[in-house]
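Quick mapping for you: the protein sequence lines, in order, are chains C and S.
The numbering used here numbers the first residue of the first sequence as 387 and each following residue consecutively.
The numbering used here numbers the first residue of the second sequence as 387 and each following residue consecutively.
Just so you know, these hints were derived from the structure itself, not from any lab.
No residue lacks a Cβ here, since even glycine has one placed at the ideal position from N, Cα and C.
Worth double-checking, as some hints may not be accurate.
[As the list claims (entries may be wrong)] Stretch-level coverage of chain S by chain C, calculated; a stretch enters the list once three of its residues show a Cβ under 8 angstroms from a Cβ in chain C:
hint: 1; segment: 481-493
hint: 2; segment: 543-555
[Claimed, not checked] Coverage of chain S stretches by chain C, computed from C-beta distances (three or more under 8 angstroms per stretch; other residues unrestricted):
hint: 3; segment: 437-446
hint: 4; segment: 589-596
hint: 5; segment: 607-620
Each chain, letter by letter, is given below.
Protein chains: 2
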Amino acid sequence: MEKVKAFAPASVANVGCGFDIMGFALGGIGDVVTARLLKSDQDDKIILGGKYGTLVPSGFEKNTAGVAVRAFLMATGNEHIRLEMLLEKNLPLGSGLGSSASSAVAGLVAVNELTGNKLTREELIPFAMEGERIACGTAHADNVAPSLLGGFVLIRNNNPPDIIKIGCPEDLYCAVIHPHITIKTSDSRRILKQLIPISDVTKQTANVASFTAGLMTGDFDLIGRSMSDLLAEPKRTQLIPGFEKAKKSALAAGATGCGISGSGPSVFALCRGKNEAEEVAEIMYKSFLESGLESDRYISGLNEMGAHVL
Amino acid sequence: MEKVKAFAPASVANVGCGFDIMGFALGGIGDVVTARLLKSDQDDKIILGGKYGTLVPSGFEKNTAGVAVRAFLMATGNEHIRLEMLLEKNLPLGSGLGSSASSAVAGLVAVNELTGNKLTREELIPFAMEGERIACGTAHADNVAPSLLGGFVLIRNNNPPDIIKIGCPEDLYCAVIHPHITIKTSDSRRILKQLIPISDVTKQTANVASFTAGLMTGDFDLIGRSMSDLLAEPKRTQLIPGFEKAKKSALAAGATGCGISGSGPSVFALCRGKNEAEEVAEIMYKSFLESGLESDRYISGLNEMGAHVL
């Protein structure tokens, strides 16, 4: 095999009450990597393309895909292999849609295939997390795991990764709005409270358990009333002008629940069925426009397949 | 109908990582109330029986069953009704087995039946919680809800009660050891940390979500590795001499997980199948004996029926 092309989807992390421990894969949008073997005396090379290709580093040791793939090659006894990777960077950076994870995962899936498919999707997770470390300073799994595995995942542990894929209702759809502002993950982490009153902790755990049960039984009403976050959303609201108004409009239009995707600024709403998701996306789009922000919007069912070779 | 007799099971609250938000009903052990209508000019009366009958108050306004039943009669337009309740107090007080909840629930189920079955089990929850308020100062649902509804429940909210019953594997068994010491719920709450580092909060939420998923899919391995509590157990361990040693012995003997039942001193272990639960109970019993504590032991499957008229 001379070259392999792979797609890795965008993802929504945190998902309301699941701060740092939940994520799911979106359909349709994501980064694409085409990997090609070079001769062993050539140098690793990343060629950048796609809408956001000019915004990411092309050095292997600085690009999330490069770092992840190099870690994978080291660990699988292939450190001698030299690669060219064409990265179609389709996801906006700092959007809260798992952009850095998507590049890393696409690179890994392509290169894993190129080198004989030695590892399972689960086994690729730690290497994708190395990409996250270079992108934002911490090796977290809440975007790479859903992008790799597809579906809705729980991150029970980051190190070693303990990832649980849970079932979700088939008619669960997601409306995503990406307002055109940028938030650094590091900024959005810095503003969080470091000590949480125990009464808030039990409210959070109660919602997390109920949200999990709601997803697994397809109880949209329970999903909705459990989607309340006391850890991140109350603080991060201030970073996204118009978020509260957009959330209210989404819920008023029938969305099951609404929250900040990852560390923002993207906002997602869980909906029942595609039509509802389309309506909710339209309403949130207009709401942000009224708040002075242009935005992109995406509609997606839960992407059960995750990253794959094209 | 002149008189009605009802049974309400003991329960395990907290269940490892589910501090204040989870509970399940045990089989076989519980309090029994026989309620009989009196003439309207007679006075309410509680007659106490059972192994622990001498240890609870007989005044209607101080007894958890009396308080719960009186609140129920008030709310259902039956404040004129006068009752005699024979309370067979079979559960030890301050044991961590939901003793006060069991009395209140048995009283409510008997009197609800006696007065025409006006309320559902779910609707009885707030009145049973009034019994908890008189018993320990806070109206919490994590014992009354499983005792009333049976099975394994999540307490998403106490006020108003939002209780979710979740599915569990059929071969889930529980070994319970009640060492002969008494812990006041108020003492066991006082020693808890009031502010929790956010990193511990995400570990707790990750375990709570994974534990819920493990129960609902019957994944014993996941149940076991999620049964880790950072809120209550690290502090309450000091109140139960020999707990850590007993827990280690239970896990070494194959128990899926082990923790403190409610605010203790009872200790429970989740097991796969009845035989394993019996072995684990024997081993924990011996372990506590070596630590200088005599104890009672109970083996139980998950009691799906909950409280019922006899």
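Going through the hints against the structure:
With a cut-off of 8 angstroms between beta carbons, the segment 481-493 of chain S has 0 residues touching chain C; three or more are needed, and the interface restraint is violated. Taking a C-beta to C-beta cut-off of 8 angstroms, the segment 543-555 of chain S contributes 4 residues in contact with chain C, enough for the three needed, and the coverage statement holds. With 0 residues having a Cβ less than 8 angstroms from any Cβ of chain C, the segment 437-446 of chain S misses the three-residue criterion, and the hint is violated. Only residues whose beta carbon comes within less than 8 angstroms of a beta carbon in chain C count, and the segment 589-596 of chain S has 7; three or more means the coverage holds.
Beta-carbon proximity to chain C at under 8 angstroms applies to 4 residues in the segment 607-620 of chain S; the threshold of 3 is reached and the given coverage holds.
Comparing the model with each earlier hint shows violations of hints 1, 3; every other hint is respected.
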